[in-house]
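Based on the provided sequences and hints, a complete structural model is requested.
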Amino acid sequence: MKKHPMLKYLKEEGPMGDRLPMILCPGCGSGQVLNAAFHAIDKIIEEDGIAKENFVFITGVGCSARLTSHYLNFDSGWTIHGRTLPIATGALLANPELRIIVITGDGDTGAIGGNHFIHACRRNIDLTILCINNGLYGMTGGQVAPTTGIGLKTSTTPYGNTEESFDLSKMAETAGATYVARWTTAHPRQTVRAIMKGVRKKGTAFIEIMSQCPVHWKETPVDMLKALKKNSVRLKGDEAVPNGKIPIGEFCNIEKPEWIESYQKVIDQFN
Amino acid sequence: MPNNRHIQPGVHYLQGSQACVEGAIIAGCRVYGGYPITPASEVMEHAALRIPQIGGRFIQMEDEIASACILLGASWGGAKAMTATSSPGFSLMQETISYGIMSETPLVIVDVQRPGPGQGYITTSQEDVMQARWGHHGEGSIIALAPASVQEMFEFTIEAFNLSEKWRTPVLLMAEETVAHMRERLIVPPLEEIRIVNRKKPQDLGIAPENYLPWGHDMVAPMANWGEGYNVNLIGLVHLEDGNVTKYDLQMHDACVKRFYHKIEDNVDTISQIETAHFEKCKHLVVCYGSVSRTAIEAVTEARKEHNLEIGYLRLKTLWPFPEKKLRSLIKKVDTIFVPEMNLGMMKHPITEALRDRCRKIISIPSLGSLHTPEYILSVIHEELK
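Chains as they are written, first to last, in my numbering: chain D, 1 to 271; chain L, 1 to 386.
Since the hints were derived computationally from the structure, they do not count as laboratory data.
Fair warning: there could be bad hints in the mix.
Stated by the list, open to error - In silico PhoX-like pairs for lysine-lysine, Cα to Cα no more than 25 Å straight-line:
1. Lys170/D to Lys197/D
2. Lys166/L to Lys263/L
3. Lys202/D to Lys52/D
4. Lys52/D to Lys201/L
5. Lys52/D to Lys8/D
6. Lys153/D to Lys245/D
7. Lys200/L to Lys52/D
8. Lys170/D to Lys256/D
9. Lys247/L to Lys8/D
Claimed, not checked - These stretches of chain D come out as covered by chain L in the derived footprint (C-beta under 8 Å, 3 or more residues):
10. 65 to 76
11. 88 to 95
What the hints assert, rightly or not - Beyond 10 Å from chain L on every Cβ pair, some chain D residues (computed):
12. Asn54
13. Thr156
14. Glu163
15. Pro221
16. Asp238
C-beta: ideal position from N, C-alpha, C; glycine also.
The structure is reproduced here in structure tokens:
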């Protein structure tokens, strides 16, 4: 049987035995995001001549975090809930040659790691953040997240969610990220292109990928993907978001001083 | 490597906080992440000034959690890294310390202790000595040093880095406001006489990436940094030696945690250092640590000279791992042990556990928010032994 071309980036086994299969549920969108990330990095390795060993994947805790776990054939860190961005920042401070891909979820980014999220964007340090947004906490059993729509029932909002939600892409842009885009798991090619742009961006790139959690939203993966496609809309200019629609596309692609480069000027005074 | 941007050998007059940063630089610290807090801010400010001068990177983070996480990332990125905080900030760093223990990550955290609980106050304290050992969630040991002078803020910081690299584990420098704000003489030896330890590398041991076990090979595993082609999957879950987590069973769990627990606890005699004075055949004993030892030795000297008391002095230079066996081998029989501490009697507990059958009585000499005077220590000794 022909192997999946991206399987080269996974460890099927290690010194102590099998490392696959992944633990993700059937129909989960996270694997699609990892696939898109691999395709993007594969092209960048080929086209830009960046060594594979310079790529590091960093995740926190939650379903999104399980994309690094122990099966990535890259350097990776499956780290602390919400703390991906300071850990990634520390790694860059030690070695700016590293190309860091942070894979995170809406809870990891928007709730427990919210403070780190806005400050990483403000610093504009050279990171690519892939945020898989499924609108709830998957790993812990489908609890409400800061991205859950109002009125929706989850395991901790049995009477419906009474809180407003965050628009994570808007937050990233407002906080100072230099590349911001939102796609869905129903837009794989656009997601690959956005990740490539994000990795090539000298600065903080935030790519939000709206994803399905068939288990906790209790819908079939196919229906959820169809809904993601149907409900997402590309807006022109200042056009208002139609009710119930998710704006997708590239929201921000600007140039600003990047932290490592700015700090290098401080260091260079002493050489 | 030493160059003209390191502190120069010779006599200096420095603050403890500054000496700490100068020691860190000599130890090879090239990343500092921090968040301001009184009375630890002087460490951070000196790092902000000095770290870029030697080609390192300094960053002020959004909180103490992020600051500790900088060390975690930097260490796997290949740098020696440090932060300094004070007690409330130290509480916020505990989760990262726990992750550092599990992932066996070398990093150095300085806690310039202030009194608590809550915001407490901004004066001096030794109220975090138990948090140092037990503050992090889960099992696992810790190394914690207690400096008592500006000289030791310099030397113990270097030692903290050496221990963290040697044992691949977080190391805590449990300073106090007293010793961090103190200004006194620092003697910097010739740099070639200072011992620097660097982490063991799989490359140096001829271990190929496909055979590399990030948590195996030896009691202290060699450490490949990110970016070196070893495809390390850093992990905080209990794991097999190669980082595999699919094979969970109780035996794997047990082996994983006990290995990094025992690498510290079974080597307590190598790691933990003590200092004694007037110790031979003493009838009574003062056991102390940190800056309290400075007034304790005054009290002991005075008690011996002026009052003919056969009282000795023992200082714990390392708080954790606790040198129980060493203490028991040194102390066979004494009458009363006095433990002056800037808390309500914290290290008194492991001391009691170690020596309860080797003495008649153990007396705590507590102080909250200020350093004991020799007179205070002496008055408790007199009251007890009159």
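Given the hinted pair Lys52/D and Lys201/L, is their Cα-Cα distance within 25 Å?
Answer holds: Lys52/D to Lys201/L is near 20 Å, not above 25 Å.
Please settle this one: Asp238/D was flagged as non-interface, so is its CB more than 10 Å from every CB on chain L?
holds, 32 Å
Separation of Glu163/D from chain L, once the least beta-carbon distance is taken, above 10 Å:
The claim stands: Glu163/D keeps its Cβ more than 10 Å from every Cβ of chain L (closest is about 23 Å).
Do the alpha carbons of Lys202/D and Lys52/D lie within 25 Å of each other, as the hint requires?
holds, 18 Å
Please check whether the beta-carbon of Pro221/D is more than 10 Å away from every beta-carbon in chain L.
holds, 24 Å
With a cut-off of 8 Å between beta carbons, are at least three residues of the segment 88 to 95 of chain D near chain L?
Our answer is that it holds, as 8 residues pass the Cβ test (under 8 Å) against chain L, meeting three.
May I ask you to check that Thr156/D keeps its beta-carbon over 10 Å from the closest beta-carbon of chain L?
holds, 22 Å
Beyond 10 Å from chain L, beta-carbon-wise, is Asn54/D?
violated, 6 Å
Sort out whether Lys8/D lies within 25 Å of Lys247/L, counting only the CA atoms.
holds, 22 Å
Lys170/D paired with Lys256/D [C-alpha distance capped at 25 Å]
holds, 17 Å
Restraint check for Lys170/D with Lys197/D, where alpha carbons must lie at most 25 Å apart:
holds, 18 Å
Please verify the coverage claim for the segment 65 to 76 of chain D: does it have three or more residues whose C-beta sits within 8 Å of some C-beta in chain L?
Contact hint for the segment 65 to 76 of chain D vs chain L: holds, 9 residues under 8 Å.
Comparing the model with each numbered hint stated earlier shows that hint 12 is the single one that does not hold.
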